[in-house]
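A.B. asks: Taken in sequence, the protein lines are chains A and B. Heads up, the first sequence is in this note's numbering, so the first residue is 1 and it goes up one at a time. Heads up, the second sequence is in this note's numbering, so the first residue is 157 and it goes up one at a time.
Don't read these hints as lab results, they were simulated from the structure. Glycine included, C-beta positions come from ideal geometry on N, C-alpha and C. A hint or two may mislead.
[As the list claims (entries may be wrong)] Below, simulated DSS-like cross-link-like pairs (lysine-lysine); rule was C-alpha separation at most 25 Å, straight line:
{"id": "1", "chain 1": "B", "residue 1": "LYS221", "chain 2": "A", "residue 2": "LYS23"}
{"id": "2", "chain 1": "A", "residue 1": "LYS38", "chain 2": "B", "residue 2": "LYS230"}
{"id": "3", "chain 1": "B", "residue 1": "LYS230", "chain 2": "A", "residue 2": "LYS23"}
{"id": "4", "chain 1": "B", "residue 1": "LYS222", "chain 2": "A", "residue 2": "LYS23"}
[As the list claims (entries may be wrong)] Label-pair distances were calculated between CB atoms; the ranges are:
{"id": "5", "chain 1": "A", "residue 1": "ALA50", "chain 2": "B", "residue 2": "SER254", "range": "36 to 44 Å"}
{"id": "6", "chain 1": "A", "residue 1": "MET3", "chain 2": "B", "residue 2": "VAL247", "range": "35 to 43 Å"}
{"id": "7", "chain 1": "B", "residue 1": "VAL247", "chain 2": "A", "residue 2": "LEU44", "range": "17 to 25 Å"}
{"id": "8", "chain 1": "B", "residue 1": "ASP180", "chain 2": "A", "residue 2": "MET3", "range": "19 to 27 Å"}
{"id": "9", "chain 1": "A", "residue 1": "TYR24", "chain 2": "B", "residue 2": "LEU237", "range": "14 to 22 Å"}
{"id": "10", "chain 1": "A", "residue 1": "ALA15", "chain 2": "B", "residue 2": "ALA381", "range": "26 to 34 Å"}
{"id": "11", "chain 1": "B", "residue 1": "VAL247", "chain 2": "A", "residue 2": "ALA50", "range": "29 to 37 Å"}
{"id": "12", "chain 1": "A", "residue 1": "THR51", "chain 2": "B", "residue 2": "LEU336", "range": "53 to 61 Å"}
{"id": "13", "chain 1": "B", "residue 1": "ALA339", "chain 2": "A", "residue 2": "LEU44", "range": "45 to 53 Å"}
{"id": "14", "chain 1": "B", "residue 1": "PHE406", "chain 2": "A", "residue 2": "ILE8", "range": "31 to 39 Å"}
{"id": "15", "chain 1": "B", "residue 1": "LEU237", "chain 2": "A", "residue 2": "GLU55", "range": "31 to 39 Å"}
{"id": "16", "chain 1": "A", "residue 1": "LEU44", "chain 2": "B", "residue 2": "TRP350", "range": "56 to 64 Å"}
{"id": "17", "chain 1": "B", "residue 1": "VAL247", "chain 2": "A", "residue 2": "ASP63", "range": "44 to 52 Å"}
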Amino acid sequence: MNMNSTLIGQLIAFAVFVWFCMKYVWPPLMAAIEERQKIIADGLAASERATKDLELAQAKATDQLKEAKAQAAEILDQAKKRANQLVDEETQRGHAEREKIIAQGYAEIEAERNRVKEDLRKQVAALAISGAEKILGREIDAQAQNDIVEKLVAEL
Amino acid sequence: MASEYTTTEYIQHHLTNATMCNTDTGIAFNKACADAGFWAIHVDTMAWSIGLGVLFLYFFRRIAKKVTTGVPTKSQAFVELVVGFVNDNVVSTFHGRSALIAPLALTIFVWILLMNLMDLVPVDVLPTIAGWVGQYGFGMDPHDVYMKAVPTTDLNLTLALALGVFALIIFYSIKMKGVLGFAKELSFTPFNHWAFIPVNLILELVTLFARPLSLALRLFGNLYASELIFILIATIGLWQLPLHFMWAVFHILVLPLQAFIFMMLTIVYLSLASEDH
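Excised from the complex, chain B in its bound form (with noise of 0.2 Å):
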């Protein structure tokens, strides 16, 4: 924790964004930010997220492209690891044949794995080095460069991932029934009787929107207050480190899990979307 903050000031600024937007005088960074609404951008998540996605894809095809049936190399080995893992999860779960599923599935997985393990770079570090850049690469005021390294706390991103699980959602409940099954099943389940046509509806159709909330929601609320409790734990002067690493420890489970919660869920989704009942 930084001296020349107070406590509140120190968690406002370890969970503020980045932001970047167009204003009329040009390009405009942060607090000139504050009212640019929709069509403001953070830079922050944008550049972990999209690195950390181009560090696991470049990972994956570099063992892909030499990949050998014979003896393998470790990393091979390992990438086959997590490829199985994930593959004998949509097997398992999703019945039918889809080229999509199972490297969305791996995609979600790995790509979420990695952004929630930022999570255990210690809360200052990041922040710090990019208030030096800021500091002495731009003359900026190094209270205010932000930097919050977990894409998984933006709920911008969950949401986006989410809503392309929702549009895959649809986009497979129309493939496997038609729009008019689509519509039939919305309509006619739970209750089997026209008259119960809109009680279906309503149910269906919070059934359905509460799914990718419910996905976005998670992940953020989970890695929010994980990130939070860091921060907190960061003001307690000396006896952090055994908290930190307490805590660092038990995400060791929670990191990993949401995003395996995430992919199952995905996968379920799916699944039951390009099932007839």
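The following block holds chain A by itself, in its conformation from the complex (with noise of 0.2 Å):
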């Protein structure tokens, strides 16, 4: 093995390759790998954000959805009771009217028996009258015999 100033030479030569590596090879491509593993890290974040904001978003979503439902479910609620009541008012009015017009009907039929009764009684009386003046073939003084009359026409 015989040693020489090729070790020298090497020496040299490795010199040169280190710092011409260290110089010009390694710095950009670190930098280069360094600068996408950013850009990947960053990418990840995001899309870590996106599908968070995402699961928000339904979350939110099913939220306004369920509230919307029980909205539409109070409201349909509310409708069938202001139903309910406006069919009960309207029966009651019905009801309501019909008795008045059944008693009005009454009060009329009353009122119409009342007058020919009384104009009944009235035509019993003149006739209860003429025929007792037939009767008694004179003139009964009306003035005089009024009072019987009168009892005669109350007791019809």
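Could you use the hints to bring the two separately framed chains together as a complex?
C.D. replies: Written out as structure tokens, the structure reads:
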């Protein structure tokens, strides 16, 4: 094995290679790798954020849907109640109207009957008086017998 | 295996580096450099290692220049895979911030891996091509043209890497703990008593120097051995084909593993150096 100045030549070559690598090869490559790592990390973080946002939005949408459904049900409920109420009210009013009309009819009939009764009574009284006159053959002093007539009429 | 060699010559030929040196008569090669001593240089190791290092840096730099944070091209995805792999290891092992450790680890891993992968090129291909070039291009005897194409089988290279790491270990130790702190750590661990200072120093200095040595020898030893086995398999005739295949498949594991171990140990050593006990 012969050692010789190849050793020195190789030392110089080694030093130059390492220097060149340190100066011109390693930094740009490492910078690019680190830059890409950062980009990928950012991308991953962004996608994670987006996933979280999506979840949030979905939860919100579900909530809103539920709320809307509840509201719709409430409105429907109210409408039904209102409708029932209206029907009830109308029915009651109808009943009342009917009662009123019937009562009016009764009152009118009653009044008519009273009037007819009075009429009849008067006619019967007149008939009775004229009958009595015929029987007695003379004039009855209506004035004088008035109380009797009155009594008669009242009895009818 | 070329037939005009004996087995020993063949193996020796494959395990000899192409050497260049400066002699009195000008630049000389190979056998003329036998006594050039330290001032010879292994041309093949230098050329392949620098070539592969430049290839690595060129490819990564090209991607780094047009890097996009959006959808990456396939080659960018590949580069990012490698960078991410190295960065994960650095981050999980080295606590603290340093602009140097991670690029250092990347360079070590990819460069050593590329050099190790030269081991999978069939052992005769590159020496034969080099022999042709030497023979027909320069009129040389092809036996005198050497080409050891796996740079990590050259102890010069692995030791250079390890010494570079060692220098950084010293640098980080002093930077993080100060000269005094570093000296104190060497003197007072593992036995925290002044009487044990010499023992501590011996233990700690051995530990300290064992680190680059083990780094260099582990990589060199593994690759040299595996290359040697490849060459040995190449000497046995037709049966080399299934054996080569099996040995190569095994090295799909070994080669990246050795690069990974070198990188991990570098990170661990630097991490230890920059931590206070």
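A.B. asks: Taking the hints in turn, state whether each one holds.
C.D. replies: Here is what the structure says about each hint:
1. B:LYS221 x A:LYS23: Holds - the C-alpha atoms of LYS23 of chain A and LYS221 of chain B are around 12 Å apart, at most 25 Å.
2. A:LYS38 x B:LYS230: holds, 21 Å
3. B:LYS230 x A:LYS23: holds, 24 Å
4. B:LYS222 x A:LYS23: Measuring from Cα to Cα gives roughly 16 Å; hence the hint holds.
5. A:ALA50 x B:SER254: 36 to 44 Å: holds, 40 Å
6. A:MET3 x B:VAL247: 35 to 43 Å: 36 Å Cβ-Cβ, so the 35 to 43 Å window holds.
7. B:VAL247 x A:LEU44: 17 to 25 Å: holds, 21 Å
8. B:ASP180 x A:MET3: 19 to 27 Å: holds, 23 Å
9. A:TYR24 x B:LEU237: 14 to 22 Å: Taking Cβ atoms as reference, TYR24 of chain A and LEU237 of chain B lie about 20 Å apart, which means the hint holds.
10. A:ALA15 x B:ALA381: 26 to 34 Å: This hint holds: roughly 28 Å between Cβ atoms.
11. B:VAL247 x A:ALA50: 29 to 37 Å: Distance hint for VAL247 of chain B, ALA50 of chain A holds at roughly 31 Å.
12. A:THR51 x B:LEU336: 53 to 61 Å: holds, 58 Å
13. B:ALA339 x A:LEU44: 45 to 53 Å: Holds, at about 50 Å.
14. B:PHE406 x A:ILE8: 31 to 39 Å: Distance hint for PHE406 of chain B, ILE8 of chain A holds at roughly 34 Å.
15. B:LEU237 x A:GLU55: 31 to 39 Å: For LEU237 of chain B and GLU55 of chain A the Cβ distance comes to about 37 Å; the hint holds.
16. A:LEU44 x B:TRP350: 56 to 64 Å: At 58 Å between Cβs, range holds.
17. B:VAL247 x A:ASP63: 44 to 52 Å: holds, 48 Å
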